[in-house]
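Spelled out from the first residue to the last, the chains are:
Protein chains: 2
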Amino acid sequence: MSDISNLPNSKKIVLKTRPDGDPKVSDFDMIEEIAKAPDDGEVLVEVQALEIGAWIRTTLNETAFHGSTPISGTIPALGNGKVIISKSDKFKEGDIVTGPLMAQSYTTMAADFFTKVPNPEIDPFTQIGILGVTTGLTAYFGIYEVGQVKKNEIVLVSGAAGGVGSLVCQLAKLKGAKVIGIAGGKEKCDVLKNEIGVDASIDYKNQNVDEQIKLHAPEGIDIFFDNVGGEILDIALDNIRDRARVIICGAISQYSHHDSVDGPSLYLRLAEKYARMEGFTVMHFEERYEEASKELLDLYNKGKLKVPFHIEDGIDNFPLALQKLFTGGNTGKLMVKV
Amino acid sequence: MSDISNLPNSKKIVLKTRPDGDPKVSDFDMIEEIAKAPDDGEVLVEVQALEIGAWIRTTLNETAFHGSTPISGTIPALGNGKVIISKSDKFKEGDIVTGPLMAQSYTTMAADFFTKVPNPEIDPFTQIGILGVTTGLTAYFGIYEVGQVKKNEIVLVSGAAGGVGSLVCQLAKLKGAKVIGIAGGKEKCDVLKNEIGVDASIDYKNQNVDEQIKLHAPEGIDIFFDNVGGEILDIALDNIRDRARVIICGAISQYSHHDSVDGPSLYLRLAEKYARMEGFTVMHFEERYEEASKELLDLYNKGKLKVPFHIEDGIDNFPLALQKLFTGGNTGKLMVKV
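Chains as they are written, first to last, in my numbering: chain A, 223 to 560; chain B, 223 to 560.
Since the hints were derived computationally from the structure, they do not count as laboratory data.
In this text, all values refer to a predicted model and were calculated from it rather than measured experimentally.
Treat the hints with care, as some may be off.
Which copy is meant is left open, because identical chains are indistinguishable; a pair holds if it fits in one copy or across any two.
[Stated by the list, open to error] Derived lysine to aspartate or glutamate pairs resembling DMTMM-like cross-links, with alpha carbons at most 25 Å apart:
{"hint": "1", "residue 1": "K436", "residue 2": "E284"}
{"hint": "2", "residue 1": "K559", "residue 2": "E268"}
{"hint": "3", "residue 1": "K495", "residue 2": "E509"}
{"hint": "4", "residue 1": "K338", "residue 2": "D251"}
{"hint": "5", "residue 1": "K408", "residue 2": "E508"}
{"hint": "6", "residue 1": "K372", "residue 2": "E441"}
Looking at chain A on its own, in the form it has when it is part of the complex (with noise of 0.2 Å):
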């Protein structure tokens, strides 16, 4: 389909109202149009999965870290597509692309926002849970190079279903690690022991944080891996052992009033135990993307990394879906297949 005179129709997915706390469905809007022709060094992009990330719910503000989207504009989103029509040298028709395609059933953008995936035989939502920036490189980074794990250190991880949390806990396993993972729900809990391979799950929603930390790990923990914030991260400050490291991925639970962000009021127990809180965002090891695709890769390719996700089907339900990551409705990285 390279005949510019018959363009798809595409519906994209706007802001309508900017979300007072979690966002609702009710804060966008879908518009239908014909999509646009691409320009020399564009392609035209069919959308096949989106991934919904936290990131996104920042954007929404009207000061916000990773650029805020306008009212009217368009949901940034990333995913994989097909390219279907190509005005670049870089990619030719039925090329299988990733990159920042917006929350939208085709995409017409530079060339060069996009890279070709190097293993197109991989269907498009495990390729995301696996390889993405925003899941498999993040955790890869996360717990390798900011956190270091190492053997028989006991790491906990806070949302530990989700699309990160899932990879960090088996990462750490494969170095030898002991590791609690903290989700919400029973079905979640049984996820991580089941099917990602946890030593320890605890149900923040229906257990004793606290408690059960410190049944699990009597003597503290090594590493904490927070990619929610808030209460969580005050009480796993509260059993950091010495020398342990807070890694601060993300924090979900913050992210709906990111003007009025609940700091960590125990950080003092960072000085007690000479221990680190260290953030990082996986763009900061942009030039290792190369090299860390190819080992998750490998770890998925002889079975030792389980990428659990959560569907939503069609772009219409795009605010759906990132209204429940925020109401923790998912196991698994949740994406939308468009």
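Starting from the known structure of chain A, arrange chain B on it as the hints suggest.
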């Protein structure tokens, strides 16, 4: 004076009521009694000088990291003194020792609590200021070991005119860093510029700290050495650059309400900047006190370190000195001449 039948009168400062907020003179009592005769293995020490540290405040709570002082218990304090009766092989009468003498004019305690000062020719105040556990040694390990300060880095120091801060500024300068010191009031800022030799000072009582940091470090800071906590910690976090280190040495602004500490609400800047917040207490480096003391003494003898201190006269004034520490009434290390 090794005549046990003729023991001196000793004054000691005890806790009358647990302070509500910052410690006040009225929270303490002074008791006078005859010094206890040393048993075998003990020494009787005439206290010469005591250092006033913010950690003392933390012991006045019912639950406390450094141990809790009971009501009517003697206030803990570190200092130097002269052995006047020794029932231990470790010391002879006349030896100058350093250790946990407590807030009193004579101390009877196991000799093992003390170490002999290697340089008795230096006056006790300079000695405490430069080689004290909570002064020179804290500054040394904090900025060199935890902070790993490097040439041309920009180092921001809070409480810069205090006992630790003034040494941190100088030690960072000696490594070739650019140093910005934060202190309260023109007088302290003048000391910072004229005596300590910082590159820039910020008077937090009369200047906008955020604006001043941006003025002196438009590209952000590499190291924040924090003795203060609270609002200044958040302002500093808002000004870190990539790979910055925030060193948590203390949080004097928070010690008086230890159960409801204000956590740094901008801690997510750590993730944005791939930065770390690392805490320590000097006790973590105990095995290396000797090596660090030698280096500090050597720098002092070469005239490369100045040790500003503020002396209150007489053990009676120990409560006043402690109160002053929290109202910012001192420039340089606060000490009591006993």
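Do the hints match the structure? See the list:
no.: 1; hint: K436 / E284; in the structure: between (41 Å within a copy, 23 Å between copies)
no.: 2; hint: K559 / E268; in the structure: within (12 Å within a copy, 79 Å between copies)
no.: 3; hint: K495 / E509; in the structure: between (33 Å within a copy, 16 Å between copies)
no.: 4; hint: K338 / D251; in the structure: neither (30 Å within a copy, 76 Å between copies)
no.: 5; hint: K408 / E508; in the structure: neither (36 Å within a copy, 46 Å between copies)
no.: 6; hint: K372 / E441; in the structure: within (17 Å within a copy, 35 Å between copies)
Violated hints for the displayed structure, listed by number in ascending order: 4, 5.
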